[in-house]
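J.: Protein chains in written order, with this note's numbering: chain A, 494 to 806; chain B, 20 to 249.
No lab work stands behind these hints, which were simulated from the structure alone. Hints should not be assumed to be uniformly reliable.
Covered stretches of chain B, as calculated for chain A (at least 3 residues, CB under 8 Å) [stated by the list, open to error]:
| no. | segment |
| --- | --- |
| 1 | 80-93 |
| 2 | 119-127 |
| 3 | 130-143 |
| 4 | 147-157 |
Reference listing, derived: stretches of chain A covered by chain B, where coverage requires no fewer than 3 residues with Cβ under 8 Å from a Cβ of chain B [stated by the list, open to error]:
| no. | segment |
| --- | --- |
| 5 | 672-680 |
| 6 | 785-792 |
Residues of chain A clear of chain B, computed beta-carbon distances all greater than 12 Å [claimed, not checked]:
| no. | residue |
| --- | --- |
| 7 | 504 |
| 8 | 541 |
| 9 | 572 |
| 10 | 658 |
| 11 | 664 |
| 12 | 685 |
| 13 | 716 |
| 14 | 805 |
No residue lacks a Cβ here, since even glycine has one placed at the ideal position from N, Cα and C.
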Amino acid sequence: MSITPVLAGLLNLGVVLLISPFYMTVVKKVKARAQRREGPPLLQGYYTIAKLFRKEVVYSDYASFISRIAPYATLAILLVAALLVPVIWIPEITVAEGNIIVFLYLLAFTRFLLALLGLDAGSTFGGMGSSREMSLSAVIEPTTVVVFAAMAYVAGTLAIPEMFRHATTIIPGMSPTILLLSVSLFILIIVETGRIPVDNPETHLELTMIHEGMLLDTSGRNLALFELSHAVKQTLLMTLLINMLIPFGIVQEVSVLGLALATVLFLLKGTALSIVIGIVESSFAKMRFFRVPNLFMMAFFFSVLTIFSEVML
Amino acid sequence: MITNEVAVSLLRICLILVLISAACLLSTRNLSSLVRTYALQSLILVAIALLIGVLEQKSILIFIAILTLASKVIGIPWFIRIIQQRIRIQQDLHFHYLQPASALMVSILLILLVYLCFLQVLHDLFTRNSLFFLGSVIGVSLMLMGLIAIFSRQLAITKVIGYLSMENGVLLFGLFVTELPFITEFVIMVDLIILVLLTTILTVGMDSSIDAYMNRLKEFHLWSEEEVNA
Chain A
494 MSITPVLAGL LNLGVVLLIS PFYMTVVKKV KARAQRREGP PLLQGYYTIA KLFRKEVVYS
554 DYASFISRIA PYATLAILLV AALLVPVIWI PEITVAEGNI IVFLYLLAFT RFLLALLGLD
614 AGSTFGGMGS SREMSLSAVI EPTTVVVFAA MAYVAGTLAI PEMFRHATTI IPGMSPTILL
674 LSVSLFILII VETGRIPVDN PETHLELTMI HEGMLLDTSG RNLALFELSH AVKQTLLMTL
734 LINMLIPFGI VQEVSVLGLA LATVLFLLKG TALSIVIGIV ESSFAKMRFF RVPNLFMMAF
794 FFSVLTIFSE VML
Chain B
20 MITNEVAVSL LRICLILVLI SAACLLSTRN LSSLVRTYAL QSLILVAIAL LIGVLEQKSI
80 LIFIAILTLA SKVIGIPWFI RIIQQRIRIQ QDLHFHYLQP ASALMVSILL ILLVYLCFLQ
140 VLHDLFTRNS LFFLGSVIGV SLMLMGLIAI FSRQLAITKV IGYLSMENGV LLFGLFVTEL
200 PFITEFVIMV DLIILVLLTT ILTVGMDSSI DAYMNRLKEF HLWSEEEVNA
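Construct all of the structure, not just a fragment, from the sequences and the given hints.
T.: Structure below.
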């Protein structure tokens with residue numbers, strides 16, 4: 494039993510947990526700047542989570558055990574998913590047994606828990622949020638599967654570390670299939686993290702909220718855990734895109750200097766991607782609910798095209 | 020000068036970009052971004068023509084690139100934009116037969132169909148040069164996607180953009196399956212048809228659907244009732 498996988502896993506979790514709130518704040522900051530506001534300070538994500546952790550937890554009278562375990566379970570599941578996605582270091586021996594299909598189902602499981610939580614408190618807003626989330630996810634899921642299938646087809650493997658290893662052998666920006674895949678993955682990030690054309694993360698207006706609707710009855714520590722898991726989910730999806738499209742700097746032969754450099758590079762690349770997400774979010778209006786499937790269709794089209802062009806070229 | 024490998028990989032990226040722009044043409048509702056997408060698609064075609072010109076060292080392709088740049092990237096979009104300012108129409112929200120989502124589905128099937136057919140017909144080309152094979156497949160697919168745009172859109176101006184995109188497909192096919200003299204002639208012919216279409220529609224009104232346009236033609240005695248019945 495070697496120590497390397499354990500070390501790599503811990504490092505991965507640490508990086509993901511530490512960086513995630515920062516990226517969320519960067520997106521918020523960019524959106525604020527686009528509206529000519531000052532925006533929150535860059536560490537606001539951490540302050541919010543720290544503040545929420547100190548606050549009291551209040552449960553609804555109708556809440557069952559679901560409300561009590563869902564926050565912990567969601568974060569735990571996402572951390573397991575984080576073990577599958579190497580962020581800065583691809584070790585020789587895999588950290589966790591699993592592949593992109595497991596990753597997909599872990600994400601779907603968190604969504605299921607969230608929908609249950611929305612129903613659990615017995616408020617109408619939560620129920621509406623859950624209902625919307627589930628009807629959207631019924632449309633998202635096939636697209637997600639096809640996008641991940643295209644990814645697996647391009648890389649020739651189902652294991653995520655091997656995909657990234659494959660990506661490092663390609664000159665960035667020179668492979669049309671990877672470019673196409675990135676477009677689909679970007680749409681996937683927007684959709685899965687509930688960003689603007691699909692859902693507005695800042696709204697608490699009853700007519701529009703999806704993700705926030707389900708969290709309306711959580712408070713204190715539980716809300717902090719949900720905020721953190723939302724951020725972790727976004728970081729994981731962003732990592733998939735970054736390490737497929739621009740993997741340079743990712744460490745394969747371990748060294749302290751290399752790891753430090755990779756962390757800094759990942760921070761920069763992630764910040765750049767967050768800025769892009771922020772700009773996209775500021776330049777679109779929220780879509781009408783029944784027009785959202787068009788967006789998924791685009792992602793679907795591009796990923797099918799990815800498979801086609803991989804076959805044809 | 021750029022090396023052959025770089026040119027080939029740039030060509031591949033351009034081909035993919037052409038398909039992306041075609042998908043945008045099918046699903047965009049905003050008229051000005053529709054025109055912008057068309058101009059961008061033509062610009063990609065210019066890049067493709069230049070790259071093939073470099074690869075095969077044929078000067079005629081450079082001329083085609085210049086011609087395309089002048090007419091389709093600058094000329095036609097500029098023309099449409101002027102008209103658009105006059106008629107103050109910004110969106111085309113009406114689709115018949117196919118909504119954008121299903122139009123994309125159909126175009127996936129069409130690309131697959133074209134690929135399978137060409138695999139039978141142009142088998143030699145496929146074994147000799149897969150890039151040129153891909154180019155011809157995408158050219159014909161672009162043509163068919165333009166066709167979908169024509170019949171799923173309602174306004175005359177978006178139909179015209181569908182025609183233009185079809186013509187781009189013909190040009191792309193002509194660039195890759197290199198029988199230039201004949202194909203070039205064909206391209207110019209289609210161009211003329213489009214020019215006629217553009218001018219007639221532009222003069223009588225772009226803000227209307229085909230039916231309304233017919234009515235207006237009748238109003239101005241440009242189209243007699245007997246001809247319609249006959």
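J.: Run every hint past the structure and note whether it holds.
T.: Status of the hints after comparison with the structure:
Residues of the segment 80-93 of chain B with a Cβ under 8 Å from some Cβ of chain A number 0, which does not satisfy the need for three, so the listed coverage is violated. Against chain A, the segment 119-127 of chain B contributes 6 residues with a C-beta closer than 8 Å to a partner C-beta. That satisfies the three-residue criterion, and the hint holds. Interface restraint, the segment 130-143 of chain B with chain A: holds (3 residues with C-beta to C-beta distance below 8 Å; minimum three). A stretch counts as covered by a chain when three or more of its residues have a beta carbon under 8 Å from one of that chain; for the segment 147-157 of chain B and chain A the count is 5, and the coverage holds.
Judged by the Cβ-Cβ criterion of 8 Å, the segment 672-680 of chain A is covered by chain B as claimed, because 3 of its residues qualify and three suffice. For a cut-off of 8 Å, the count of residues in the segment 785-792 of chain A with a CB near a CB of chain B stands at 4, and the three-residue condition holds. Against chain B, the non-interface label of residue 504 of chain A holds: every CB pair exceeds 12 Å, the least being about 35 Å. The beta carbon of residue 541 of chain A sits about 37 Å from the closest Cβ of chain B, which is more than 12 Å, so the claim that it is off the interface holds.
With a cut of 12 Å on Cβ distances, residue 572 of chain A stays outside the contact zone with chain B, its closest approach being about 35 Å. Chain B leaves residue 658 of chain A outside its interface by the beta-carbon criterion, the shortest separation being 21 Å against a cut-off of 12 Å. The Cβ of residue 664 of chain A sits about 8 Å from the closest Cβ of chain B, inside the 12 Å cut-off, so the non-interface label is violated. Taking the minimum C-beta to C-beta distance to chain B, about 19 Å, the non-interface status of residue 685 of chain A holds against the 12 Å cut.
Non-interface status of residue 716 of chain A relative to chain B is upheld: no Cβ of that chain comes within 12 Å, the nearest being about 36 Å off. Once the 12 Å rule is applied to beta carbons, residue 805 of chain A is inconsistent with being away from chain B; the minimum gap is 5 Å.
When the structure is compared with the earlier hints, violations turn up for hints 1, 11, 14 and for no others.
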